[in-house]
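Protein chains in written order, with this note's numbering: chain A, 1 to 116; chain B, 1 to 114.
Bear in mind the hints are in silico, worked out from the structure with no lab data behind them.
One or more hints might be untrue.
Just the calculated beta-carbon pair ranges, DEER-fashion [as the list claims (entries may be wrong)]:
no.	chain 1	residue 1	chain 2	residue 2	range
1	B	Ile55	A	Ala1	40 to 50 Å
2	A	Gly43	B	Pro61	41 to 51 Å
3	A	Phe54	B	Asn17	31 to 41 Å
4	B	His77	A	Asn58	17 to 27 Å
5	B	His73	A	Pro116	22 to 32 Å
6	B	Gly28	A	Ser87	15 to 25 Å
7	B	Ile55	A	Val46	34 to 44 Å
8	B	Glu102	A	Gln69	14 to 24 Å
9	A	Gln83	B	Ile55	30 to 40 Å
10	B	Asn57	A	Arg115	14 to 24 Å
11	B	Asn62	A	Ser71	27 to 37 Å
12	B	Glu53	A	Val13	41 to 51 Å
13	A	Ser12	B	His77	38 to 48 Å
Residues from chain A that face chain B, not an exhaustive set, calculated with beta carbons under 7 Å [stated by the list, open to error]:
no.	residue
14	Val24
15	Tyr33
16	Tyr64
17	Val85
18	Val89
19	Ser95
20	Pro97
21	Phe106
22	Gly109
Think about it this way: if two alpha-carbon atoms lie no more than 30 Å apart in a straight line, the pair counts; the simulated BS3-like pairs of lysine-lysine are [said to hold, decoys possible]:
no.	chain 1	residue 1	chain 2	residue 2
23	B	Lys22	A	Lys70
24	A	Lys38	B	Lys22
25	B	Lys71	A	Lys70
All residues carry an ideal CB built from backbone N, CA and C; glycine is no exception.
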Amino acid sequence: AQKVTQAQTEISVVEKEDVTLDCVYETRDTTYYLFWYKQPPSGELVFLIRRNSFDEQNEISGRYSWNFQKSTSSFNFTITASQVVDSAVYFCALSDPYSSASKIIFGSGTRLSIRP
Amino acid sequence: DTAVSQTPKYLVTQMGNDKSIKCEQNLGHDTMYWYKQDSKKFLKIMFSYNNKELIINETVPNRFSPKSPDKAHLNLHINSLELGDSAVYFCASSQEVLLADEQFFGPGTRLTVL
């Protein structure tokens with residue numbers, strides 16, 4: 001069965017610190033997709049990144065970077081030089097589009113608070 | 001222009017009532033979804049429709065019935081509301097049908113059942 005674990009329930013750091021949000025997943029499928037979504041205090045969910053299981057290249061987008069390691073089934077998210085606007089709940093998700101019971105599973109989320 | 005819109009934003013109602021939440025997307029996407037987010041922020045997919053056809057139907061009570069009049073609309077009707085139905089309901093859409101694509105979420109509808 002698929003599973004997504006975000007072990008860090010809450011993280012609080014001071015502005016400008018770097019912070020890493022962990023995501024560990026379980027799946028038996030060889031083809032799958034991993035996502036990160038951000039949910040700011042306003043409540044809407046915003047897509048950040050998508051990775052397929054065959055692409056282990058790390059990705060950097062401005063202050064955001066993602067480290068995908070199949071060997072450890074992890075897809076971690078790092079924010080460099082954090083800002084107050086980064087305060088949000090961040091969700092990691094796993095989808096298995098090609099299985100017979102196609103679905104998407106979200107982790108329980110990590111609440112990130114950036115203190116000024 | 002709002003990409004995915006939901007109405008109403010807030011819904012307060014009594015147990016046993018029937019209510020509907022409407023969702024519309026103007027992105028030209030073929031696939032739409034309903035999610036439930038509970039008070040602990042757990043987010044779970046409920047339904048997925050592709051071109052008005054039901055694709056995913058998770059273990060949701062049959063009091064919940066999605067209806068898709070066209071591919072730009074996916075409404076959620078809930079019968080005989082219960083206290084446990086209180087949650088935020090999100091509508092979303094994506095271009096691809098197989099959950100491989102990024103999803104665009106609506107602003108959410110906060111349902112409170114008294």
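Hints the structure fails to honour:
Going through the list in order, the structure violates hints 1, 2, 3, 4, 5, 6, 7, 10, 11, 14, 16, 17, 23, 25 and respects the others.
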